[in-house]
Amino acid sequence: MKGREKNLKEIFIFVAIGLCLIGTTGISTGFAAEQKPFYFLGLHCLSGNFAGPGEHGNRGCIVALEERSYKVLGRPIEYLVRDTELKPEATTRKAREAIEKYGVKYMMAGLGSHIGLAAIEVARDKKILLMNHSSGSSEITGEKCSRFGFRWTNDNSSIAKTALIPFLKERKDLKTVYCLVQDYAWGQDMYKNSKPILEQMGLKILGTDFIPVGTTDFSSYLLKAKAAKPDFLYTMIYGGDQIIAAKQVYEFGMRKNTKAILFPWSGTTMIHEIGPEACEGVYFGLQWWYTYDNEYSKKFTKRFLEKHKVYPDNEAIGAYHGLKVLLDTIEKIKSDDVKQVILELEKETPVDGPTGKEFFRKWDHQNIKQFFIYKGKNPKDYKFQEDYMELVTGGSLYRTREENPCRFKDWDI
Amino acid sequence: MDILESVPIFIFNGIALGMIYFLIAIGLTIIFGMMGVINFAHGALYAVGAYIAYTTTLYTGNFWISLAVAPLIMFGVGIGEYFLLRSLYGVEAVYQLLLTFGLALIMQEVTIFIWGTVGKPLAIPAIFRGAYDFGLFTYPKYRIFLIAFTAAIAFIIWFSITRTKLGAMIRAGTEDSEMVSSVGINISRLFTLVFGLGASMAGLAGVLAAPIVGVEPFMGMNILIISFVVVVVGGLGSFAGAILGGLLIGIIQSLCILFFPAAAAVIVFAFMALILIVKPQGLLGQI
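Here the protein sequences come in this chain order: F and H. For the first sequence, the working numbering gives the first residue as 73, with consecutive numbering after it. For the second sequence, the working numbering gives the first residue as 4, with consecutive numbering after it.
Keep in mind that the hints are not guaranteed to be accurate.
[Stated by the list, open to error] Subject to a maximum C-alpha distance of 27 Å in a straight line, what follows is the list of computed DSSO-like cross-link-like pairs (lysine-lysine):
1) Lys-419(F) - Lys-481(F)
2) Lys-144(H) - Lys-301(F)
3) Lys-429(F) - Lys-452(F)
4) Lys-452(F) - Lys-144(H)
[To be verified] Covered stretches of chain H (chain F as the covering partner; in silico rule of three or more C-beta atoms under 8 Å from a C-beta of chain F):
5) 116 to 129
6) 136 to 145
7) 215 to 222
8) 255 to 269
Hints listed in this document are in silico derivations from the structure and should not be mistaken for laboratory results. Bear in mind that the values here come from a model prediction, so they are computed numbers and not experimental data. Idealized CB from N, CA, C, for every residue including glycine.
Bound-form chain H, shown alone (with noise of 0.2 Å):
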């Protein structure tokens, strides 16, 4: 196949790979947009999501039961550690940084103890093994999933944001939280519902992204960085800004892969070092 004749598939796995992006970053884009609290623990709620799925699929030989009890149990978690942020209101943001930091390294250390140093393999569910024919090319049938889901879970993050009334109290308590408050809006309980979002959403990227990038105590790390990069590239905070960060990021890396691949490493870097020359508030980013 000519390399021109290629581009197509690389721009349509691009944009497969933004979508995982997306997922990926949602939680974190969720929770700075609503709070301003740039969450370091993100990515090990992503792995301990993982490991969820792990357990329950051991346990129930059901992967998609992990689908809702991953979200589930990291909501939970997100609660607490949102109780524990609370008490750093008022103090200097790096707190925040240090604390959800310090989170992130308990809760690898809580998952080696648990789980072990060794990571554990779990397989892509039976009904999407395989591969689709486009004729063109073929592809993945878990990832075409994986695009479908990350658009539905998009669509109703978006509708539940911007059409719904308690989308409308979140809106109006980023903008300004005491005036929410004196209209009788309980502004605490509202963010620590969002906080618990967030982290549901990191547990669940890691559910989906478990059958193919396996399952093991360091893989919070890994996503971390990329999830950064797609909230800055995309805006600090914006949800549409998410979605074209992650777009973007997987388009550029794709087809980076097909024409220059060595400078696969550094390009997703030097992109988002350029959006900050260019646009230092990200691309859809309002801050």
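For reference, chain F alone in the conformation it holds in the complex (with noise of 0.2 Å):
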């Protein structure tokens, strides 16, 4: 008998224990099946002239949440991508219906000023965290900047500021500039940034340009430029626009009739369309380039190669960098909750980033970055075939509090 009470009660802790395995599996089976998952909003431009960029953005954040196996505490991460289309109000729309269904509580948005509009204006209405990885307009972090808003890129003011200072102090030898103006609010925004730099330089303007959006023959403008004889030729044009301007440009000779060309902001995927004959010897803006010397870089655009097999657009480093600052906040905090994720980003603890060391300014949300001036190799220099540019200067010169009218009115958070 005692033996079969011992059999029976050696049986019951084997069942006992048993139990409590599957019970605990199941528990934690059900938990796991219960967990919200964690929506990340992707608004990037996947349409129209600016859907190449735009796909770098994309794929910048994929590169981000693969490195994190698509997990932030513990949580499964659903990243929802939306097309912008490059417009304001299809910006809008598409959020607000992911932040109502879905209840996001984070975006990206950015390549295009109206776009970094439009978007911080969803996350002041809503209260959810915008990361701008690209726009360049300074009220983003300006007069219409929110608590709610953090921009990775340097704003037209800084561009301004540090495509012109350090460079003109390189070359004392331009006494003189002509300036060509896109016609439309970037333009006219860096134009009336770089204006008093210009002036302050001791450059004198021989003339100015506004040249209205989509103008595909530049020729007569370039006639008037070269015809002025500036030493310095300042274009301050973006986008398909500034790709034909440069080729014009190159077409007509004004390398030869001026000491320096340069193209304040540009872009990747923008040189890659320019072309390397018409890119040799111009100088060009811009926020980050693939070949720039330090460990974050050169690991980024290895996994961006190998996952995408081409070179990462600037836009694909801001997207990944905000969006891996966001996760890895998260993290540290071990709250999702918008409201400590953006005290502790106001804490402006550097962090290692594409440019080197940066942090978000507490009072306007800027990013603290390096800026560059990159020059067209000549293609005989390429070390490899998209190796069009080398690094002339750099700096980190932003507005100052005095400068900058912005003042959090959304504190109420």
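Dock chain to chain to rebuild the complex, using the hints, since each chain is given by itself in its own frame.
Take a look at the structure:
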């Protein structure tokens, strides 16, 4: 009997342990199943003229998500991608739909000042965190700043300062300048920011032309500029127009007629489209370039190249770094509460970034990073097929608090 | 240099620009003039021509081959488009417009599918890099080549239409297609040829413009507007009108940038509006 009791006891213990194990597994499985996904909204331009760089922004996010196996705080990350169509109304509508449907608390947008401005209004209204990875308008971290908005990329005033001041300090031979300005918000903003710097640096402005957006022939403007015989051709033209302008600057032999030509803001994809011949000897302001010599950039470029088989655009690195910073912060404070994440980012803790140590400034949420001037290399000096650029100078000059009208009005988070 | 001293240079530049505009618009005007079809796919044909130039140059290392390859391929595409349009004969013209617009969108998406959304660089052929020095000013070699090449194309088209038997048949077919058919001429084959020719001209324009404006999927839509302006100003369907329209638009645009740069964006449209008010059929149009 005792033996039988002992056997029953052993069976009981065995069954109990088994049940416990099953129960524990069941609980953990049930727990996992009930875990709410972490929704992240990527607003990228995936159609129209900017679809190329827009896709790079999307790919940058994918690299950041794959690095952590699409998980944050042990929760699965659901990456929602929406096409901005480069239209503010589409951006606003799609962002609102995703926020209302999925309860998105974090989103990324950029590529186009108007897109950035539309997105920050949604973030302000819905009290969700916006990471802007590529819009240049000074208003985003200026007049229209929001405590819910952060921006990785340099703003126009910073670009004008950083593109011009270190460059002109090195180029004392430049005494006269001719300005070509794209006649829309970005170009006008750049000119407004650049003109006083050019004058302060002692350059005489021989002429300025405001060129309509969508111009496909710059010949008459270039002939005018050529006739003025400037030392320096300063070309505030962006996007598809920049590609055509740069090609025609080359075609009209402007490099031989001037001492320097500078496009203060360009992008990787644009430079690839301009082509090696037209880039040679021309200066370009860049947020980042894939041969930039730091460990962070090398690691990212290698990973991106392996994954997507193309060199990353500055859109890609901006999106990658912006998302990485957000997810790292969430992990660090062990909470995805928007308010807590904002407060943590406002501690201005420098982190490794694509251009060195970077941090978001507390009072305007502008990322403090380097901006660079690169020069198109002679194709004979390329070490690999896409080795278009060599670094000339860089810097990190931003508006001071006195210069910047940003005053957060939405502190009550 | 004094602003008035610059005027001849800007007129010359306007002529060069006008020749490029003529080249872009000629395919559109040929198809409309001969067949009465407003081909909204014209811009897409131009873009595909540019992509063919890019691909041909990439694989052969020779840009000039694309001057033959692109028009040939686009001739075939044009014939295909015409066969689709034939099924809409006898219905309202708006259906033709819708079809050609739809084809333009399809071609654009196919272009993106094959070559991607990111534009492609195409360098100016080595022989025409740099500029000629004219003493008073220098001017890019490639643009001088474009002027000469376009002038040659214009002459060949003019000669073919006005001085050959084929040209006579086409002109007759335009005037009265039933009469031409009744004398035993296959009018359908004739129109197929014209449509193919118009499409190949669009492709050729794409090839020649690619080194100076780049190659990207939406380039067709950008030039469609200026093509229509040239055709409307010169006269719908008029070959000589396309030349005159192209030159006038080029010169006006160039001089406007010299004297009133702020008006550069609207001047050509204002001029077109003026022409439509004063002479609705266009400067040399008969319709």
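Cross-check of the supplied hints:
1. Lys-419(F) - Lys-481(F): holds, 19 Å
2. Lys-144(H) - Lys-301(F): holds, 21 Å
3. Lys-429(F) - Lys-452(F): Violated: Lys-429(F) and Lys-452(F) sit about 33 Å apart, past 27 Å.
4. Lys-452(F) - Lys-144(H): Judged against 27 Å, a Cα distance of about 24 Å means the pair holds.
5. 116 to 129: holds (count 9)
6. 136 to 145: holds (count 4)
7. 215 to 222: holds (count 5)
8. 255 to 269: holds (count 8)
Hint compliance for this structure: hint 3 is the single one not met.
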